[in-house]
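Novice: Mind docking chain B on chain A? Use the hints.
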Amino acid sequence: MRYKMKTFEELKSQWDNQPELETPKEGAKSIIKKVNSIKNKQQITNIILGFTALILIVFFFYISAYNNILVTSALFLMVGSLLARMVIEYISVKRLKQIKVTIVSSEFKKSLANYYKKRVRTHYIFTPIIVIFYIVGFIILMPFFEDALSKGFYTYIQVSGIAVLLFFIFFIRKQILKELHALKELNK
Amino acid sequence: MKNLESKFDEIYKTNYPKVIRLCLGYVNGDSMLAKELAQDVFIKVWENLHTFRKESSLSTWIYRITVNTCLSSFKKGKMGYMTNELINLENKIDLEEEQENNELQISQLYCCINKLNKDNKSIILLELEGLPQKEIAEVMGFTHEVIRVRIHRIKNELTKCVTK
Numbered sequence: 001m002r003y004k005m006k007t008f009e010e011l012k013s014q015w016d017n018q019p020e021l022e023t024p025k026e027g028a029k030s031i032i033k034k035v036n037s038i039k040n041k042q043q044i045t046n047i048i049l050g051f052t053a054l055i056l057i058v059f060f061f062y063i064s065a066y067n068n069i070l071v072t073s074a075l076f077l078m079v080g081s082l083l084a085r086m087v088i089e090y091i092s093v094k095r096l097k098q099i100k101v102t103i104v105s106s107e108f109k110k111s112l113a114n115y116y117k118k119r120v121r122t123h124y125i126f127t128p129i130i131v132i133f134y135i136v137g138f139i140i141l142m143p144f145f146e147d148a149l150s151k152g153f154y155t156y157i158q159v160s161g162i163a164v165l166l167f168f169i170f171f172i173r174k175q176i177l178k179e180l181h182a183l184k185e186l187n188k
Numbered sequence: 001m002k003n004l005e006s007k008f009d010e011i012y013k014t015n016y017p018k019v020i021r022l023c024l025g026y027v028n029g030d031s032m033l034a035k036e037l038a039q040d041v042f043i044k045v046w047e048n049l050h051t052f053r054k055e056s057s058l059s060t061w062i063y064r065i066t067v068n069t070c071l072s073s074f075k076k077g078k079m080g081y082m083t084n085e086l087i088n089l090e091n092k093i094d095l096e097e098e099q100e101n102n103e104l105q106i107s108q109l110y111c112c113i114n115k116l117n118k119d120n121k122s123i124i125l126l127e128l129e130g131l132p133q134k135e136i137a138e139v140m141g142f143t144h145e146v147i148r149v150r151i152h153r154i155k156n157e158l159t160k161c162v163t164k
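Sequence order for the protein chains is A and B. Its first residue numbered 1, the first sequence is counted upward by one per residue in this note's numbering. Its first residue numbered 1, the second sequence is counted upward by one per residue in this note's numbering.
A hint or two may mislead.
For lysine to any residue, the following SDA-like pairs were computed, each having C-alpha atoms within a straight-line distance of at most 20 Å [unchecked claim]:
| id | chain 1 | residue 1 | chain 2 | residue 2 |
| --- | --- | --- | --- | --- |
| 1 | B | LYS35 | A | SER30 |
| 2 | A | LYS29 | B | PHE8 |
| 3 | A | LYS25 | B | ARG148 |
| 4 | A | LYS29 | B | ASN48 |
| 5 | B | LYS18 | B | LYS160 |
| 6 | B | LYS134 | A | GLU107 |
| 7 | A | LYS174 | B | SER72 |
| 8 | A | LYS12 | B | LYS18 |
| 9 | A | LYS25 | B | TYR16 |
| 10 | B | LYS160 | A | GLU10 |
| 11 | A | LYS34 | B | LYS35 |
| 12 | B | LYS18 | B | ASP119 |
| 13 | B | LYS35 | A | THR23 |
| 14 | A | LYS25 | B | LYS2 |
| 15 | A | LYS184 | A | GLU107 |
| 16 | A | LYS94 | A | ALA182 |
| 17 | A | LYS184 | A | THR72 |
| 18 | A | LYS34 | B | TYR16 |
| 19 | A | LYS100 | B | ILE43 |
| 20 | B | LYS7 | A | VAL35 |
| 21 | A | LYS100 | B | GLU47 |
| 22 | A | LYS110 | B | SER72 |
| 23 | B | LYS18 | A | GLY27 |
| 24 | B | LYS118 | B | ARG148 |
These are calculated hints, taken from the structure and not from any lab test.
Chain A extracted, bound-state conformation (with noise of 0.2 Å):
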């Protein structure tokens, strides 16, 4: 016969008497390591980025690009987006570590739902005419890049091109549905 819990105070007991999970030994000086190697990682997209504008950048004065108003323009679509994506992400993280974890919960939550609100527009109106703009930039540049490398490091350049901007569409997009997914579970 199965037991049927009636009241609260049944409901209370079963959860003060549920088996106790155990206090890790060194729990709080891995939280201390955690911390920093956080900060860290924190680091890298933004170097990954950073460091693709200034390869264009470097390439942009290697082949002599400011005498072509066409090559200039395209390079300055590609590093301007690779650019305005590392502000964009870099106000974002700046806001959200605003919002105070030690605030009341009601506010809290009415913050992040703000939080979470502005950053769906701003994937709906600003992500893609970033990645527009690194394509055409990308696309421009193409038979410039053909005449001025290699064939190995056209190559290079093509797919490696290619595999940014797929990372780069499959990284935001999975983005905006965790951002919506946190919408949505912040209103229910």
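Specialist: Structure of chain B alone, referenced to chain A:
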């Protein structure tokens, strides 16, 4: 710095059991996810420890960080796992002793808590942890009266759900 580290170590040891229990309630009893959440909570405790001004008790402050961290994590826990677990336990229930019965009831409780909205989930988990209603109001940012009424309503909802 060393002083802060030893203070943190003490806070960690004292509060880990209640933090992990609260986290378990948010993730359907999934202990792996609860451990991850508890880790996030203590990361935030460490990062904000220097800002703690004793305007509220340390326990309220930690509960607030725990609730807010769980609110912002969106980790769900394995619903399917819990449901299967529930079915298996139900099949065995006549044969097994008190321990399984207890596990079944805790699983049912987790499932029912998970059906509540975010605010109600937080409120009832704090109530189950035995926090006074005045302190729950301080964690949540609602008036004592609102908390009192809500708790009454959620208790009814929860007992009905578990008894089903």
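Novice: Decide, hint by hint, whether the structure agrees.
Specialist: Checked hints:
1. LYS35(B) / SER30(A): Roughly 13 Å separates the two Cα atoms, so the pair holds.
2. LYS29(A) / PHE8(B): holds, 9 Å
3. LYS25(A) / ARG148(B): violated, 38 Å
4. LYS29(A) / ASN48(B): holds, 16 Å
5. LYS18(B) / LYS160(B): violated, 26 Å
6. LYS134(B) / GLU107(A): holds, 17 Å
7. LYS174(A) / SER72(B): Holds, at about 17 Å.
8. LYS12(A) / LYS18(B): Given that 20 Å is the threshold and the Cα spacing comes to 14 Å, the pair holds.
9. LYS25(A) / TYR16(B): holds, 11 Å
10. LYS160(B) / GLU10(A): Roughly 13 Å between the alpha carbons, so the hint for LYS160(B) and GLU10(A) holds.
11. LYS34(A) / LYS35(B): holds, 14 Å
12. LYS18(B) / ASP119(B): It holds: about 19 Å lies between the C-alpha atoms, which stays within 20 Å.
13. LYS35(B) / THR23(A): holds, 10 Å
14. LYS25(A) / LYS2(B): Status holds; Cα separation ~18 Å.
15. LYS184(A) / GLU107(A): holds, 17 Å
16. LYS94(A) / ALA182(A): At roughly 18 Å apart (the allowed maximum being 20 Å), ALA182(A) and LYS94(A) satisfy the hint.
17. LYS184(A) / THR72(A): Violated - the C-alpha atoms of THR72(A) and LYS184(A) are around 43 Å apart, more than 20 Å.
18. LYS34(A) / TYR16(B): holds, 17 Å
19. LYS100(A) / ILE43(B): Given that 20 Å is the threshold and the Cα spacing comes to 14 Å, the pair holds.
20. LYS7(B) / VAL35(A): holds, 17 Å
21. LYS100(A) / GLU47(B): holds, 11 Å
22. LYS110(A) / SER72(B): holds, 11 Å
23. LYS18(B) / GLY27(A): holds, 15 Å
24. LYS118(B) / ARG148(B): Within the cut-off at roughly 17 Å; holds.
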